[in-house]
Amino acid sequence: METLSTNTETIISENGIQYPSKVMLDLHNLKKVYPTPKGDYVVLEDLNLQIMKEEFITIIGHSGCGKTTMLSMIAGLNPISGGNIAVLGNPVKGPGPDRGVIFQSPSLMPWMTALENVLLGVNQVFPHASKKERKDIAKYYLHKVGLDGSFDKKAIALSQGMQQRVGIARAFAIKPKVLLLDEPFGMLDSLTRGELQDILIEIWNKEKITAVMITHDVDEAIFLADRVVMMTSGPKAKIGDILNIDFERPRTRKSVLEHNDYYEYRKHLIDFLEH
Amino acid sequence: MKQSITLSKITQLMGFGFLKPITVLFSGKPQREDFINFLKKIIVPLLSIVLFVGIWQAGASALYNKEANYKIEKALADQGQVAADEMKACIASGEISCQPNTLPSPAQVWTSFKTLIKDHKVISADKLAFKEKTAAMNAKRVAAGKDPITYTGRPSFVDQIVTSLKTVFAGFLLALLIAVPIGIVIGLSETLRSSFNWLIQIFKPVSPVVWLLLVFMIVKTLTKDSNSDSAFIISFISVGLCAMWATLVNTAMGVSSVDKDYINVAKVLKLGPMQKVFKVILPSSLPLIFTGLRITLSVAWMVLIAIELLAQSPGLGSFVWEEFQNGAIDSNSKIIVAMFIIGIIGFLLDRIMLTIQNMVSFNKNEGV
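Same order as they appear, the protein sequences are chains C and Y. FYI, the numbering for the first sequence is 1 to 275, going by my numbering. FYI, the numbering for the second sequence is 276 to 643, going by my numbering.
Keep in mind the hints are simulated off the structure, nothing from the lab. Treat the hints loosely; a few may be bogus.
To be verified - Restraint ranges, calculated between C-beta atoms of paired labels, are given here: (1) I631(Y) <-> D198(C): 40 to 46 Å; (2) F151(C) <-> L474(Y): 45 to 51 Å; (3) Q476(Y) <-> Y140(C): 25 to 31 Å; (4) S159(C) <-> F471(Y): 41 to 47 Å; (5) F151(C) <-> G329(Y): 56 to 62 Å; (6) F151(C) <-> S469(Y): 39 to 45 Å; (7) I493(Y) <-> F151(C): 51 to 57 Å; (8) D152(C) <-> W331(Y): 52 to 58 Å; (9) D152(C) <-> I493(Y): 48 to 54 Å; (10) L474(Y) <-> K236(C): 45 to 51 Å; (11) G39(C) <-> S532(Y): 30 to 36 Å; (12) S470(Y) <-> K236(C): 51 to 57 Å; (13) I631(Y) <-> Y140(C): 56 to 62 Å.
Think of the CB as a built atom: it goes at the ideal place given N, C-alpha and C, for glycine as much as any other residue.
With the rest of the complex left out, here is chain C (with noise of 0.2 Å):
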């Protein structure tokens, strides 16, 4: 957290609050509750996590212990139960396509080609913009993920991991503020995953949007980061521990892994897991 104290200018929100103006996601207080017949199970408590601009997240936490809970109450399809979230100052109060969310599933509507997929978000951000300047900004992220030829392809025609590509095209194409990341690569083998990876740090790195990701590898944690957050297990998870990852950027795969400070923080995040 100490970036926080670097901030100096600031900004007022809706509701008179100041923030430093180098956040762009400020969780705050979180809770979550679930009812049940045996009375509330509470998933979060008193979680807070302020996110920079321009700062890539990854989360890493035991399965169930509510990361997914989090991310998809701070896309909005989740409700809150207590505290509060702010983009920019301004509370979440529902989904919006200032936060893309790519999900774990590709999630494509299967019946429409790739750049239909894309432009079905490009549409809904910019309705002013030419027909063919909307075709042009999906064209031109669906190039960036390496899907030149398939633009007309029927997305059940694809395969998963060109699946998910498009998945991160049409969450890049929209211009999001904040771009969500909910295990995105879980479902790929190994190969296909690295190969995203790359995709993904490589658009990344172009854009700077600010990003929230999670995921269940420490090596993937490590490599896209700025910063690792390590969730405590539920019931009442909170943030455990957060590592700072100083490797510069751009980066690339072969410079992480022979980075003198690589196995030092693979240590730090495996033994926060196993305890």
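Starting from the known structure of chain C, fit chain Y onto it as the hints suggest.
Just chain Y now, kept in the frame of chain C:
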């Protein structure tokens, strides 16, 4: 080569995949497996047809003998030995008046089929002649503002089929226009779905006959002072009402069970309600809607015969009923002909729906 590819693709799409071994055998170089395939998929099914006809023939001749013996014994008991011998000779001679009336043999049915075709040709020629004869006069009548004279002769078997098809399509269209929009609306709203559920559950199992009577009550009054064809209106509305439930239930189910991921995507992109329905919900429920429509069409065809029979509306149903009442020597075999025709048309209608369903369904790898 290209032609044979498209041919096999079309047969595949229409669910006539069983014809593939033939197309394979006649296109390119057949392999040993192709011959085995041919044997399995063509020869064995053909044998099953032969077996079917054989059993039918045996059953028909057993029934024929039983009926004949009964007739002879009855003559013996009522009128004595002489009458019994006469009856025996009469049956053996093939005299029409004393033939036992029972299940017709395949050969008799085939003959009746040919008779019906011949009859159709005669009636068509007759109709054509009538049209030519009255053409000039009708033109005058129309010019004078009177109704033209129409042919009022007996409809042929083929005319009855056409009438039935018209009725079933009108009924199907009605079912589609009622059930799909309502299905979408109640599929979208949990509240509406639970409020209308009782209505669907109660009316779904109601018999076609009762629907017919209900429609009759209403249409009779509505068409009292118009000279529209009320028999046709009654039968197609009844068919539509009987058959629409499958589509209604399937549409509502398809719309309400859209993959949650798609809904989440729509939420994140903040699609408007119209876009959400037309771009996400409808396309993803199309396969289920079409499953419903397919059931609807086959139910419509099935109940049509019963409804035509009761509504006195022209068509295959009244053809069957008239033949049954008629009791002529070839009436039974004409009924069997109608049975086969009904079955074959029903099968073809189902295949057409299946083809459309496969074309709109996104679960197929069309891109490959």
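Hints, one by one, checked against the model:
1. One distance hint, 40 to 46 Å for the beta-carbon pair I631(Y) and D198(C), holds here, with the actual separation near 44 Å.
2. Between F151(C) and L474(Y) the beta carbon distance is about 47 Å. The supplied range of 45 to 51 Å therefore holds.
3. At about 53 Å, the beta-carbon gap between Q476(Y) and Y140(C) misses the expected band of 25 to 31 Å.
4. Checked against the hint of 41 to 47 Å, the pair S159(C) and F471(Y) passes, with Cβ atoms roughly 42 Å apart.
5. Taken as a hint, the range 56 to 62 Å holds for the pair F151(C) and G329(Y), whose Cβ atoms sit roughly 59 Å apart.
6. For F151(C) paired with S469(Y), a C-beta distance near 43 Å keeps the hint of 39 to 45 Å intact.
7. The hinted range of 51 to 57 Å is satisfied by I493(Y) and F151(C), whose Cβ atoms lie roughly 54 Å apart.
8. Between D152(C) and W331(Y) the beta carbons are some 54 Å apart, a value that agrees with the proposed interval 52 to 58 Å.
9. At about 51 Å, the CB distance of D152(C) to I493(Y) agrees with the hint of 48 to 54 Å.
10. With their beta carbons about 47 Å apart, L474(Y) and K236(C) fall inside the hinted range of 45 to 51 Å.
11. G39(C) and S532(Y) have their C-beta atoms about 31 Å apart, which keeps the hinted 30 to 36 Å range intact.
12. Range check, S470(Y) to K236(C): Cβ separation about 41 Å, and the 51 to 57 Å hint is violated.
13. At about 37 Å, the CB distance of I631(Y) to Y140(C) disagrees with the hint of 56 to 62 Å.
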